[in-house]
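So the sequence lines, in the order shown, correspond to chains F and S.
Counting in the numbering used here, the first sequence runs from 1 upward without gaps.
Counting in the numbering used here, the second sequence runs from 113 upward without gaps.
In short, the hints are calculated from the structure, not lab data.
Bear in mind the structure is a predicted one, so any value in this text is a computation, not a measurement.
Virtual Cβ for every residue (Gly too), placed ideally from N, Cα, C.
Mixed in with the good hints, there may be bad ones.
Okay, the calculated beta carbon distance ranges per label pair [claimed, not checked]: (1) S/Q167 <-> F/Q22: 33 to 39 angstroms; (2) S/S132 <-> F/G60: 23 to 29 angstroms; (3) S/V163 <-> F/Q109: 25 to 31 angstroms; (4) F/N55 <-> S/S132: 26 to 32 angstroms.
EDC-like cross-link-like pairs, simulated, lysine to aspartate or glutamate; straight-line CA separation at most 20 angstroms [to be verified]: (5) F/K71 <-> F/D84; (6) S/K191 <-> S/E171; (7) F/K1 <-> S/E134; (8) F/K99 <-> F/E5; (9) S/K192 <-> S/E134; (10) F/K99 <-> S/E171.
Selected chain F positions facing chain S (Cβ under 10 angstroms, derived; list incomplete) [unchecked claim]: (11) R61; (12) Y62; (13) G103; (14) G105.
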Amino acid sequence: KNQVEQSPQSLIILEGKNCTLQCNYTVSPFSNLRWYKQDTGRGPVSLTIMTFSENTKSNGRYTATLDADTKQSSLHITASQLSDSASYICVVAHYNTDKLIFGTGTRLQVFP
Amino acid sequence: SQTIHQWPATLVQPVGSPLSLECTVEGTSNPNLYWYRQAAGRGLQLLFYSVGIGQISSEVPQNLSASRPQDRQFILSSKKLLLSDSGFYLCAWSVGTGFLYFGPGTRLTVT
Numbered sequence: 001k002n003q004v005e006q007s008p009q010s011l012i013i014l015e016g017k018n019c020t021l022q023c024n025y026t027v028s029p030f031s032n033l034r035w036y037k038q039d040t041g042r043g044p045v046s047l048t049i050m051t052f053s054e055n056t057k058s059n060g061r062y063t064a065t066l067d068a069d070t071k072q073s074s075l076h077i078t079a080s081q082l083s084d085s086a087s088y089i090c091v092v093a094h095y096n097t098d099k100l101i102f103g104t105g106t107r108l109q110v111f112p
Numbered sequence: 113s114q115t116i117h118q119w120p121a122t123l124v125q126p127v128g129s130p131l132s133l134e135c136t137v138e139g140t141s142n143p144n145l146y147w148y149r150q151a152a153g154r155g156l157q158l159l160f161y162s163v164g165i166g167q168i169s170s171e172v173p174q175n176l177s178a179s180r181p182q183d184r185q186f187i188l189s190s191k192k193l194l195l196s197d198s199g200f201y202l203c204a205w206s207v208g209t210g211f212l213y214f215g216p217g218t219r220l221t222v223t
């Protein structure tokens, strides 16, 4: 069954600290993996998109890594800011159908 | 630049009432359009997608329907709402299988 699981479910960190969010997937074969940021009550916004051949991609203080062999991805946030408080959603696209399978997200809260 | 609009932002409707949510996209032509629903604590669920005017694919059987009367307009409807229809509804667009761009969402509460 094609699934995307994210951990932790929620995370609290202090402003300025780094954190890493995890995404494990069973989607096979997969086309690409995406990370989205969703502020409360808003639509998700794309952070990164990585294909099978890419191991890492950065977008400012956000760095996503991908290990296609172990079917794992991580999103690393450096020097967190209060505005990083949001849900982070991992999404994997199935290669054959282009269907997007969404994880349930990690809720990150950054406190001063 | 491309923008996507959804309205209304919030909606409270009684059970059994009709529903119409509208989504429009600006700045692009022939986009793929999508309706997603996000229930509390759950992942986004694809409801409908459209690759062109009048072309609608349904992912999940339910009492909802979608229409695409114009290239950049996507409408989500229901004749009779159920309590289980409550949720956060998101319209999105893409060109091909590239980035998915989401609208601001509509919070629907069925009472």
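Numbered hints the structure breaks, given as an ascending list: 2, 3, 4, 5, 7, 11, 12
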